[in-house]
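Engineer: Sequence:
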Amino acid sequence: MKIGINARFLLQPYTGIGQYTRCLIEALAKVDFKNEYFLFTPELMDWNLPDHFHPIRVPEKAYRSASFRKAHWEHTLIPNEMAKWKVDLAHFPYPSNPWKRLPIPTIVTVHDVIPWRLSAYNTHLRSKLYHFYARLALKKANHIITVSQFSKQEIISLFGIKPKNIAVIYEAPPTPSHHLDLPELSLRRDFLLYVGGYDVRKNVPNLIKAYLKHIANHYRIDLILVGSKDRGLESYVTDAYCERVGGHFPVRAKGSVIFTPPLTNNELTALYKQASMLVHASYYEGFNFPLVEAMSHGLPIVAADIPVNHEVTGGAALFVDPLSIDSIGVGIHQLLNDKALKQKLSRDGLQKSKEYRWEKTAQETLEVYNLFA
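Every position in the sequence shown, counted from 1, becomes a number in our numbering once 9 is added.
Check the hints yourself; a few may be wrong.
[Claimed, not checked] Here are the computed lysine-lysine pairs in the DSBU-like style, where the Cα-Cα straight-line distance is at most 35 Å:
{"no.": "1", "residue 1": "K149", "residue 2": "K93"}
{"no.": "2", "residue 1": "K282", "residue 2": "K173"}
{"no.": "3", "residue 1": "K79", "residue 2": "K109"}
{"no.": "4", "residue 1": "K149", "residue 2": "K70"}
{"no.": "5", "residue 1": "K161", "residue 2": "K351"}
{"no.": "6", "residue 1": "K70", "residue 2": "K11"}
{"no.": "7", "residue 1": "K95", "residue 2": "K43"}
{"no.": "8", "residue 1": "K95", "residue 2": "K149"}
{"no.": "9", "residue 1": "K79", "residue 2": "K369"}
{"no.": "10", "residue 1": "K79", "residue 2": "K171"}
{"no.": "11", "residue 1": "K137", "residue 2": "K70"}
{"no.": "12", "residue 1": "K171", "residue 2": "K39"}
{"no.": "13", "residue 1": "K282", "residue 2": "K171"}
{"no.": "14", "residue 1": "K171", "residue 2": "K137"}
{"no.": "15", "residue 1": "K149", "residue 2": "K137"}
{"no.": "16", "residue 1": "K173", "residue 2": "K222"}
{"no.": "17", "residue 1": "K222", "residue 2": "K353"}
{"no.": "18", "residue 1": "K39", "residue 2": "K363"}
{"no.": "19", "residue 1": "K95", "residue 2": "K222"}
{"no.": "20", "residue 1": "K148", "residue 2": "K353"}
{"no.": "21", "residue 1": "K351", "residue 2": "K363"}
{"no.": "22", "residue 1": "K109", "residue 2": "K161"}
{"no.": "23", "residue 1": "K161", "residue 2": "K149"}
{"no.": "24", "residue 1": "K173", "residue 2": "K149"}
{"no.": "25", "residue 1": "K43", "residue 2": "K369"}
{"no.": "26", "residue 1": "K351", "residue 2": "K173"}
{"no.": "27", "residue 1": "K369", "residue 2": "K348"}
{"no.": "28", "residue 1": "K171", "residue 2": "K222"}
{"no.": "29", "residue 1": "K43", "residue 2": "K173"}
{"no.": "30", "residue 1": "K351", "residue 2": "K222"}
{"no.": "31", "residue 1": "K361", "residue 2": "K148"}
{"no.": "32", "residue 1": "K39", "residue 2": "K95"}
{"no.": "33", "residue 1": "K43", "residue 2": "K137"}
{"no.": "34", "residue 1": "K361", "residue 2": "K161"}
{"no.": "35", "residue 1": "K79", "residue 2": "K39"}
{"no.": "36", "residue 1": "K369", "residue 2": "K93"}
{"no.": "37", "residue 1": "K348", "residue 2": "K39"}
{"no.": "38", "residue 1": "K351", "residue 2": "K369"}
{"no.": "39", "residue 1": "K348", "residue 2": "K361"}
In case anyone wonders, no lab produced these hints; they're calculated from the structure.
Please construct the entire structure, taking both the sequences and the accompanying hints into account.
Structural biologist: In structure tokens:
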């Protein structure tokens, strides 16, 4: 069977979809020696893959609008190339299958339904149009892969897709090299770690407020935030230290808030290995990948009390109310002071993380492909 994959996000390796695409293809190369794979990207990459994996360059057309170039590439150029190479099955690792049904079986991976569930992520007309047509396209897919039972139920609720046409296949942490480089962040003391974005649902302001109110003036421990820099949040922290947020926070604190740029997998692994705990107060996730990464390193977790976090961790976390600054702060305080609980969460999380392996993800994905062989 010839399998075509929209591999566009291989060119953005540090995005969630980029990591998923890369890790899935690498794992498929280890478990599948029967099928041929055609990987369609706007630009070719220097990548060592077996002979039955064929990178195919499909250049974008030179339209002025980046969003139009992307849409034209996904909905016109890719179907044409798949027809040219006579692929038997198409896999889109994110909702990008053409609005017009393809003449071959189509599989789409849906990582979350955030643009459809949360109105704050769908405010502009262009975004509304894109997600309107993406909803129509999803209904034309032959099968959907999603990353949690929670997301499966959301897809059923929002799109009316039959449960039998949705497969839940968990993702896994990337495998780092043996050489780990600790980022140059002037790590002078212990630290709490946050990994993720700064968009609204990530709830980072509440996390920072909880840290400044309950932790920074009582413990010599920093809060490191890993992700794209957010000048608004940096200004917010400065204001907080200057007692401009209700007068609750001291000017002189024992701990500091440290922002980092996006890190390589090896740099991030080094932080996971040295952190005191992962703190994650996001109130909506489709899977919550940082929790899986933290568990794989035996790092205890303070996480928002939302259904998907219970599913992903199997209960191996201390859960807090993400809308309550005091609940977040008290949870961090509790874990800092309860050595037995830290050890239990570390042990239970490490055991749970063994369920997340890319070879398993690839094998289960291959089973979905074989439904249409």
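Engineer: Give a verdict on every hint.
Structural biologist: Against the structure, the hints:
{"no.": "1", "hint": "K149 to K93", "result": "holds, 22 Å"}
{"no.": "2", "hint": "K282 to K173", "result": "violated, 40 Å"}
{"no.": "3", "hint": "K79 to K109", "result": "holds, 16 Å"}
{"no.": "4", "hint": "K149 to K70", "result": "holds, 26 Å"}
{"no.": "5", "hint": "K161 to K351", "result": "holds, 31 Å"}
{"no.": "6", "hint": "K70 to K11", "result": "holds, 26 Å"}
{"no.": "7", "hint": "K95 to K43", "result": "holds, 17 Å"}
{"no.": "8", "hint": "K95 to K149", "result": "holds, 20 Å"}
{"no.": "9", "hint": "K79 to K369", "result": "holds, 31 Å"}
{"no.": "10", "hint": "K79 to K171", "result": "holds, 29 Å"}
{"no.": "11", "hint": "K137 to K70", "result": "holds, 24 Å"}
{"no.": "12", "hint": "K171 to K39", "result": "holds, 31 Å"}
{"no.": "13", "hint": "K282 to K171", "result": "violated, 42 Å"}
{"no.": "14", "hint": "K171 to K137", "result": "holds, 24 Å"}
{"no.": "15", "hint": "K149 to K137", "result": "holds, 19 Å"}
{"no.": "16", "hint": "K173 to K222", "result": "violated, 48 Å"}
{"no.": "17", "hint": "K222 to K353", "result": "holds, 27 Å"}
{"no.": "18", "hint": "K39 to K363", "result": "holds, 19 Å"}
{"no.": "19", "hint": "K95 to K222", "result": "violated, 61 Å"}
{"no.": "20", "hint": "K148 to K353", "result": "violated, 43 Å"}
{"no.": "21", "hint": "K351 to K363", "result": "holds, 19 Å"}
{"no.": "22", "hint": "K109 to K161", "result": "holds, 24 Å"}
{"no.": "23", "hint": "K161 to K149", "result": "holds, 17 Å"}
{"no.": "24", "hint": "K173 to K149", "result": "holds, 15 Å"}
{"no.": "25", "hint": "K43 to K369", "result": "holds, 17 Å"}
{"no.": "26", "hint": "K351 to K173", "result": "violated, 40 Å"}
{"no.": "27", "hint": "K369 to K348", "result": "holds, 33 Å"}
{"no.": "28", "hint": "K171 to K222", "result": "violated, 47 Å"}
{"no.": "29", "hint": "K43 to K173", "result": "holds, 26 Å"}
{"no.": "30", "hint": "K351 to K222", "result": "holds, 22 Å"}
{"no.": "31", "hint": "K361 to K148", "result": "holds, 33 Å"}
{"no.": "32", "hint": "K39 to K95", "result": "holds, 24 Å"}
{"no.": "33", "hint": "K43 to K137", "result": "violated, 41 Å"}
{"no.": "34", "hint": "K361 to K161", "result": "holds, 21 Å"}
{"no.": "35", "hint": "K79 to K39", "result": "holds, 30 Å"}
{"no.": "36", "hint": "K369 to K93", "result": "holds, 31 Å"}
{"no.": "37", "hint": "K348 to K39", "result": "violated, 40 Å"}
{"no.": "38", "hint": "K351 to K369", "result": "holds, 29 Å"}
{"no.": "39", "hint": "K348 to K361", "result": "holds, 20 Å"}
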